[in-house]
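Participant: Sequence:
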Amino acid sequence: MHANHVTPAAALRGATLNYGTAAALHDVDLSIERGEVVALLGPNGAGKTSAISLLLGLNAPDSGSAALFGLKPQQLAARQRIGVMLQAAQLPEQLRVSELLQLTAHYYPNPRPYAETARLAGLEGLLSRPYGKLSGGQQRRVQFALAICGRPELIFLDEPTTGLDIESREQLWTTIRAEVANGCAVLLTTHYLEEAEALADRVVVLANGRIQAQGTVEQIRARGGQRQLRAISALPLSLVRTWPEATLAEREHHWLRFSTNDAENLLRRWLAADPQLRELEVRRAGLAEALAEITNGTHPGVSA
1 MHANHVTPAA
11 ALRGATLNYG
21 TAAALHDVDL
31 SIERGEVVAL
41 LGPNGAGKTS
51 AISLLLGLNA
61 PDSGSAALFG
71 LKPQQLAARQ
81 RIGVMLQAAQ
91 LPEQLRVSEL
101 LQLTAHYYPN
111 PRPYAETARL
121 AGLEGLLSRP
131 YGKLSGGQQR
141 RVQFALAICG
151 RPELIFLDEP
161 TTGLDIESRE
171 QLWTTIRAEV
181 ANGCAVLLTT
191 HYLEEAEALA
201 DRVVVLANGR
211 IQAQGTVEQI
221 RARGGQRQLR
231 AISALPLSLV
241 RTWPEATLAE
251 REHHWLRFST
261 NDAENLLRRW
271 LAADPQLREL
281 EVRRAGLAEA
291 LAEITNGTHP
301 GVSA
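This note's numbering puts the sequence shown at residues 1 to 304.
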């Protein structure tokens with residue numbers, strides 16, 4: 001760990017990035033502090049990949065700045081303190097997992113012991129296998145191992161658990177939490193919103209190249225004014241879909257489920273139409289619904 005804890009692990013300041021005449025990012029301020037997980041969420045094409053490319057030094061901002069630990073992202077001294085797991089990783093297929101780990105660890109001044117990296121990423125039984133012979137989920141675990149092998153102080157995780165089974169996903173989450181507890185910072189992008197809820201200290205919502213909202217998961221959820229109502233009710237869908245308070249009405253067997261911005265009046269109307277309804281549940285809308293509202297009704301491409 002370096003002594004200067006005032007400087008954020010990563011920061012964009014007034015960052016704008018244009019592709020031709022189109023603005024991929026516009027005046028974005030983003031910082032990731034030591035020991036926190038920031039989930040960068042938003043619909044496809046929102047600018048998430050562009051933000052990551054600026055912080056990794058793959059692109060330079062047209063205006064504003066990008067920094068890692070107060071340094072330019074292209075500087076070796078900054079790059080040796082980060083780990084990266086991108087969605088599209090091209091690794092030599094003929095190399096064995098053990099060779100990839102050893103090769104990548106050599107880029108870092110103080111890498112983890114090789115066996116520890118393998119254990120943390122769940123690779124113990126795969127070390128002698130060629131990378132190209134692994135399943136998609138196994139390859140993701142190798143990519144995660146390469147991201148953590150150098151004891152990074154900041155890890156970029158871009159859709160890290162795509163293709164992983166539940167057990168592998170849980171193991172990866174456990175390792176991430178342990179890294180963060182040791183002061184590591186994490187920038188996470190994910191379409192799997194349960195992952196953001198499980199890991200993120202802070203959520204930043206990006207849409208159309210601009211930050212639309214940021215806060216804890218609970219604060220972002222609260223930005224979505226919708227409530228969800230659910231009860232066992234015999235009313236026909238054709239009727240309830242005409243109710244002006246209902247933004248969504250669905251049937252699940254005996255259950256009717258509504259999303260609404262006006263729970264009080266919807267409930268009043270529902271009770272008047274069906275005094276026999278039972279097992280009523282009312283809850284705040286989830287993160288997916290809140291994101292959809294914040295990003296102007298653009299559904300955030302949620303996948304389980």
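Keep in mind the hints are simulated off the structure, nothing from the lab.
Heads up, the beta-carbon is just placed ideally off N, CA and C, and yes, glycines get one too.
Careful: at least some of the hints might be erroneous.
Distance ranges between label pairs, derived from CB positions [said to hold, decoys possible]:
hint, residue 1, residue 2, range
1, 127, 281, 45 to 51 angstroms
2, 45, 75, 26 to 32 angstroms
3, 197, 251, 54 to 60 angstroms
4, 75, 113, 26 to 32 angstroms
5, 75, 264, 52 to 58 angstroms
6, 65, 232, 38 to 44 angstroms
7, 128, 247, 51 to 57 angstroms
8, 255, 167, 29 to 35 angstroms
9, 6, 128, 22 to 28 angstroms
10, 133, 219, 23 to 29 angstroms
11, 255, 173, 48 to 54 angstroms
12, 261, 89, 39 to 45 angstroms
13, 7, 201, 17 to 23 angstroms
14, 74, 251, 32 to 38 angstroms
Participant: Quick check: does the Cβ-Cβ distance between residue 74 and residue 251 fall within 32 to 38 angstroms?
Facilitator: At 56 angstroms between Cβs, range violated.
Participant: Given the hint of 54 to 60 angstroms, is the C-beta distance from residue 197 to residue 251 inside that range or not?
Facilitator: With a Cβ separation near 27 angstroms, residue 197 and residue 251 fall outside 54 to 60 angstroms, so the hint is violated.
Participant: Holds or violated: 38 to 44 angstroms for the Cβ distance of residue 65 and residue 232?
Facilitator: Between residue 65 and residue 232, where Cβ atoms are some 57 angstroms apart, the hint is violated.
Participant: Between residue 45 and residue 75, does the beta-carbon spacing fit 26 to 32 angstroms?
Facilitator: At 30 angstroms between Cβs, range holds.
Participant: Quick check: does the Cβ-Cβ distance between residue 7 and residue 201 fall within 17 to 23 angstroms?
Facilitator: holds (18 angstroms)
Participant: Note whether the CB distance of residue 75 and residue 113 lies within 26 to 32 angstroms or breaks it.
Facilitator: The hinted range 26 to 32 angstroms holds for residue 75 and residue 113, with Cβ atoms some 27 angstroms apart.
Participant: Given a hinted range of 29 to 35 angstroms, is it respected by the beta-carbon distance of residue 255 and residue 167?
Facilitator: This hint holds: roughly 31 angstroms between Cβ atoms.
Participant: Would you say the C-beta atoms of residue 261 and residue 89 sit inside 39 to 45 angstroms of each other?
Facilitator: holds (42 angstroms)
Participant: Measuring from beta carbon to beta carbon, are residue 127 and residue 281 in 45 to 51 angstroms?
Facilitator: holds (49 angstroms)
Participant: Looking only at beta-carbon atoms, does the pair residue 128, residue 247 fall within the given range of 51 to 57 angstroms?
Facilitator: holds (55 angstroms)
Participant: Is 52 to 58 angstroms right for how far apart the beta carbons of residue 75 and residue 264 are?
Facilitator: holds (57 angstroms)
Participant: 48 to 54 angstroms was suggested as the range; check whether the CB atoms of residue 255 and residue 173 agree with it.
Facilitator: violated (31 angstroms)
Violated hints, in rising order: 3, 6, 9, 10, 11 and 14; the structure is consistent with all others.
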